[in-house]
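*Asks:* Protein sequences, first through last, are from chains A and B.
Read the first sequence against full-length UniProt numbering and you will find it ends at 405, with the numbers running on by one and no gaps.
Read the second sequence against full-length UniProt numbering and you will find it ends at 283, with the numbers running on by one and no gaps.
Hints were generated in silico from the structure; no laboratory data involved.
Don't be surprised by glycine CBs; every beta carbon is placed ideally from N, CA and C.
Hints may contain errors.
[Said to hold, decoys possible] Calculated Cβ distances over 12 Å to all of chain B for the following chain A residues:
no.: 1; residue: 8
no.: 2; residue: 123
no.: 3; residue: 283
no.: 4; residue: 358
no.: 5; residue: 365
no.: 6; residue: 395
[As the list claims (entries may be wrong)] Pairwise CB distance ranges, derived in the manner of DEER restraints:
no.: 7; chain 1: A; residue 1: 391; chain 2: B; residue 2: 110; range: 17 to 23 Å
no.: 8; chain 1: B; residue 1: 212; chain 2: A; residue 2: 17; range: 36 to 42 Å
no.: 9; chain 1: B; residue 1: 78; chain 2: A; residue 2: 294; range: 49 to 55 Å
no.: 10; chain 1: B; residue 1: 209; chain 2: A; residue 2: 287; range: 38 to 44 Å
no.: 11; chain 1: A; residue 1: 284; chain 2: B; residue 2: 113; range: 46 to 52 Å
no.: 12; chain 1: B; residue 1: 113; chain 2: A; residue 2: 281; range: 18 to 24 Å
[Unchecked claim] Partial selection, computed: residues in chain B whose CB lies under 7 Å from chain A:
no.: 13; residue: 38
no.: 14; residue: 92
no.: 15; residue: 112
no.: 16; residue: 113
no.: 17; residue: 120
no.: 18; residue: 122
no.: 19; residue: 129
no.: 20; residue: 135
no.: 21; residue: 148
Chain residues, written in single-letter form:
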Amino acid sequence: MSPFETLRFAFGGLAANKVRSALTMLGVLIGVAAVIVLLAVGNGSSQAVKDSIEKLGTNALTVSSGGGFGGSRSSGATVTKPLTVDDARALADPASAPHIESVAPETTTSQTALYEGTSHAVSQVVGTYPAYFKASNSKVTKGDYFSSDDVLGSRKVAVIGSTTATDVFGTADPVGKKMTLGGTPFTVVGVLATKGGTGFQDPDDVVIAPLPTVQNAFTGFGSIGQILVEAKSADATSQAQNEITTVLMGRHGIKDPNALDFRVSNQASLLTTQADTNKTFTVLLGAVAAISLLVGGIGITNIMLVTVTERTREIGIRKAIGAPRGVILGQFLAESTLLSLIGGGLGVAAGLIGSHFTIVGIKPVIIPESVVGAFAIAVAIGLFFGGYPANRAASLRPIEALRHE
Amino acid sequence: MTPPLWPRRTATLPEAASADGPWAPAPVIEVRSLIKTYGHGDAAVPALSGPIDPVSGQALGVELVVEQGDFVAVMGSSGSGKSTLMNILGCLDVPTSGRYLLDGIHVGGLDERQLSLVRNRKIGFVFQSFNLVPRTPALAQVELPLAYAGVKPAERRRRAEAAITLVGLADRMDHRPNELSGGQQQRVAVARALVTAPAMLLADEPTGNLDSRSTEEVLSVVDRLNAAGRTVVLITHEDEVARHAKRVVRLVDGRIVDDVRQAPVGGPPPALREDESLVGGGR
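Here chain A stands alone, though its shape is the one from the complex (with noise of 0.2 Å):
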């Protein structure tokens, strides 16, 4: 018996009974498309916190006051020195802080904003240096930045972000205008390119406003709330944070590591995080589709026992015309093979085209390894659930198997 022969009656014996058939490739076909859809989903979400990390910069660094985490309350903690735009300027030396690229110092604070009769609660007005705009990946679409001139003269100009400009100007081209921040009226130099949304606050609520304009018309000159520092790249982030410590530490008089009152955070960590729970996501949804790939292995071992047992007699007869023990069940793991085979290429093939569409908000990104691993677990399947039916069908005693009925 030549592998095409058993090939081609393991072919008839499928045809035979085609709806059976096709029914149990439709189980082996949802599983293995299940497989890759769903862990094409997972990957799209976490390819989706991807994204925004690279979209907020990778490189960049936020020091924020106050200690780190429980650090506030450990022994060594004296008084919390607030952050100043000192601070920042000793951080911006490039001679004890080498590896970083540009230093912004910001205070953020909420106003509304009003103009001809609009009113618009601006959830972030952030007073800064120019250097923010590079540092957190915000691009101007219309208009220009503020530059250093206008941090120097304290000019009462703005760069708005899109929700804002939308809520505040409407379809009207917001770039010249003036709005009323606060009681200050600002002139908008700039509308930012939308970021897109990916967690609660609206990135894109904003206005961004030269630092001593915004300290003098709303935060007073005191501390300031944050210090956005850009590493020179994103490998050397934490040179960067170590810089950033020693500098500070050296400066507020702090002598104890534990016992830091501003804290360094990178906002791409927080968002790796993010994306290991998508990974763990991923794992679930991957692990809820085995199980459907299981169960259609199952089937696949349901059909074949009924299929041995309805030709227990055909069997007897082969047995008794002298086929050998392999070749019935060559016959039978041929069948059961065939069925996972082609069921799995049809689930391959749907869970290719199932990916194509957007899944509530995720766009899928289809993982290769899970196409040709979700296929060969399926043939495998085949193998290993048609083993059982065919060796009980090989085992059968000629005389037994002839007087079935």
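Got chain A; can you put chain B on it based on the hints?
*Replies:* For chain B alone, coordinates are given in the frame of chain A:
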């Protein structure tokens, strides 16, 4: 035309004697002290026991020797053990005790793989209920034993076509079993049984499910095969069928009670000889 009677001759024992001779070819079938019992212990039912030893009360087992070229009809009512004997001769079932030599091979000592080889090469089996593989065209049906024997496709096809032509179904090669009459199905089964050129043809009531015309068709094929030198053992309970055999063995309750030779081992089977004698102007 009613078939004319031909003289019956009671079988004497010379063939057994010649089988034991040192120069004679090994008999195709040599069964010694064969016993088959179904069930165990108190529930054991003897199917084949042979004569009972008058002294010890023990079953001595069935003794049967079939020479090459012989045509033996095994007769008996249902339950007489004839099907059991046939299944053991066809290596489909194993005896409880005793020796069975097929073409000189001790079958009891073979493993599963060797048994399937023996079934394939040495035995051609024809069943009462045809037992064709469903949904398979006649030609493929006949090719099947050759496929199991590992014969190359071209050679296989040639031999299968020859076998099918021999049973007179050259124009039915592509028909599936459900497109053939009972007689045609049985002739396909005969073609399948003889395609591997086995040492013997075993037929378990081959005409039991056939009308008289189909019976004649099948039996004439069997007659011709035997005339060509093939050993044939067939089970029947019809005297009409038994008349075709050279030797008739009767079984009752698992024992051989009658062993009648109707024609010599060498030479054509009685039916063909009758035809010849008819052609030759009768006796």
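*Asks:* Can we trust that residue 358 of chain A is non-interface, i.e. its beta-carbon lies farther than 12 Å from all of chain B?
*Replies:* holds (47 Å)
*Asks:* Determine whether the Cβ-Cβ distance between residue 212 of chain B and residue 17 of chain A falls within the hinted range of 36 to 42 Å.
*Replies:* Taking Cβ atoms as reference, residue 212 of chain B and residue 17 of chain A lie about 38 Å apart, which means the hint holds.
*Asks:* Taking the closest Cβ pair, is residue 112 of chain B under 7 Å from chain A?
*Replies:* Interface hint status for residue 112 of chain B: holds (6 Å vs cutoff 7 Å).
*Asks:* Look at the Cβ atoms of residue 209 of chain B and residue 287 of chain A and judge whether their distance stays inside 38 to 44 Å.
*Replies:* Once the Cβ atoms are compared, 57 Å apart, the range 38 to 44 Å for residue 287 of chain A and residue 209 of chain B is violated.
*Asks:* Have a go at the residue 148 of chain B hint: is there a Cβ in chain A nearer than 7 Å to its own Cβ?
*Replies:* holds (5 Å)
*Asks:* Within 49 to 55 Å: is that where the Cβ-Cβ distance between residue 78 of chain B and residue 294 of chain A falls?
*Replies:* holds (50 Å)
*Asks:* Quick check on residue 120 of chain B please, does its C-beta sit within 7 Å of some C-beta on chain A?
*Replies:* holds (2 Å)
*Asks:* Would the hint on residue 135 of chain B be counted as holding, given a Cβ-Cβ threshold of 7 Å to chain A?
*Replies:* Holds, about 6 Å.
*Asks:* Given a cut of 7 Å on the nearest C-beta pair, is the interface hint for residue 113 of chain B held or broken against chain A?
*Replies:* Hint holds; residue 113 of chain B Cβ to chain A Cβ min 6 Å, cut 7 Å.
*Asks:* Is the interface hint for residue 129 of chain B satisfied, with its Cβ closer than 7 Å to some Cβ of chain A?
*Replies:* violated (9 Å)
*Asks:* 18 to 24 Å was suggested as the range; check whether the CB atoms of residue 113 of chain B and residue 281 of chain A agree with it.
*Replies:* Given range 18 to 24 Å: violated, Cβ gap about 53 Å.
*Asks:* Holds or violated: residue 92 of chain B as interface residue toward chain A, Cβ cutoff 7 Å?
*Replies:* Holds, about 4 Å.
Comparing the model with each numbered hint stated earlier shows that hints 1, 6, 10, 12, 13, 18 and 19 do not hold.
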